[in-house]
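Participant: Based on the provided sequences and hints, a complete structural model is requested.
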Amino acid sequence: MQTLKDAGYPGWPYIHGAAGGVCFVWFSRSLATGRVCKDLAWTIFRMTRDTGRLVRRNGHLVPAHVPTEHYGKSLEALRALALQSPALYRLRKGKEWVGPVLYMEPAALPEVGDESLSFALLATPPAHSEGQRLSYLVNPCLEPSLQLEAAR
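Counting from 7, one number per residue, gives the positions in the sequence shown under the numbering used here.
What the hints contain is simulated information worked out from the structure, not anything from laboratory work. Since the structure is predicted, the reported quantities are computational estimates derived from the model, not experimental observations. Misleading hints may appear alongside valid ones.
Claimed, not checked - With a straight-line Cα cutoff of 30 Å, these simulated DSS-like cross-link-like pairs (lysine-lysine) come out:
#1 Lys44 to Lys101
#2 Lys99 to Lys44
#3 Lys99 to Lys11
#4 Lys79 to Lys11
#5 Lys11 to Lys101
#6 Lys44 to Lys11
Unchecked claim - Simulated restraints on C-beta separations:
#7 Gln90 to Arg55: 51 to 61 Å
#8 Met110 to Ala86: 39 to 49 Å
#9 Arg55 to Ala93: 26 to 36 Å
Ideal placement from N, C-alpha and C gives every residue a C-beta, glycine not left out.
Facilitator: Below you can see the structure in the form of structure tokens.
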């Protein structure tokens, strides 16, 4: 499958969240000169989603994730989905969209139950959370010592 670099896109654009899934990119090109223009559009297919719950693994609380409907699909199937609903806007006259091309080769798909991940990948969401995330408990208006007390 053709990547952004293989398609002739110069440089490397930063796309927030692209590393968390499979990302397809469209870029614009001038019809007259063939020069790459600044227009970019992308679609990201997430392989897992956070359930918002925590589970205990090896004595630590980690976020619980579950596979999404895109988990395990081939790159060709995901590209076909990207072609069905492109997030493209209308370009000015004299430009064309190129794509979708793969942003980068995706990392290996994690397996359900893999202990080496920084999160727990489960087949189904847990019935309850074994803890509460600190980000929900921290109030920036409180003194740091009170924040710690509120988290207990």
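Participant: Does the Cβ pair Gln90, Arg55 satisfy 51 to 61 Å?
Facilitator: Violated: the Cβ-Cβ distance is about 21 Å, outside 51 to 61 Å.
Participant: Given the hint of 39 to 49 Å, is the C-beta distance from Met110 to Ala86 inside that range or not?
Facilitator: With a Cβ separation near 19 Å, Met110 and Ala86 fall outside 39 to 49 Å, so the hint is violated.
Participant: Tell me if the straight-line CA distance from Lys44 to Lys101 falls inside 30 Å.
Facilitator: Judged against 30 Å, a Cα distance of about 11 Å means the pair holds.
Participant: Is the straight-line distance between the alpha-carbon of Lys99 and that of Lys11 30 Å or less?
Facilitator: holds (25 Å)
Participant: Starting from Lys11, check that the Cα of Lys101 is at most 30 Å away, please.
Facilitator: holds (20 Å)
Participant: Between Arg55 and Ala93, is the Cβ distance one that fits in 26 to 36 Å?
Facilitator: Violated, since Arg55 and Ala93 (Cβ atoms, about 19 Å apart) do not stay within the stated range.
Participant: Does Lys11 lie within 30 Å of Lys79 when you go C-alpha to C-alpha?
Facilitator: holds (23 Å)
Participant: Lys44 and Lys11 were given as a pair; does the straight-line alpha-carbon distance stay at or below 30 Å?
Facilitator: holds (15 Å)
Participant: Holds or violated: Lys99 with Lys44, Cα cutoff 30 Å?
Facilitator: Status holds; Cα separation ~14 Å.
In summary, the numbered hints that this structure violates are 7, 8, 9.
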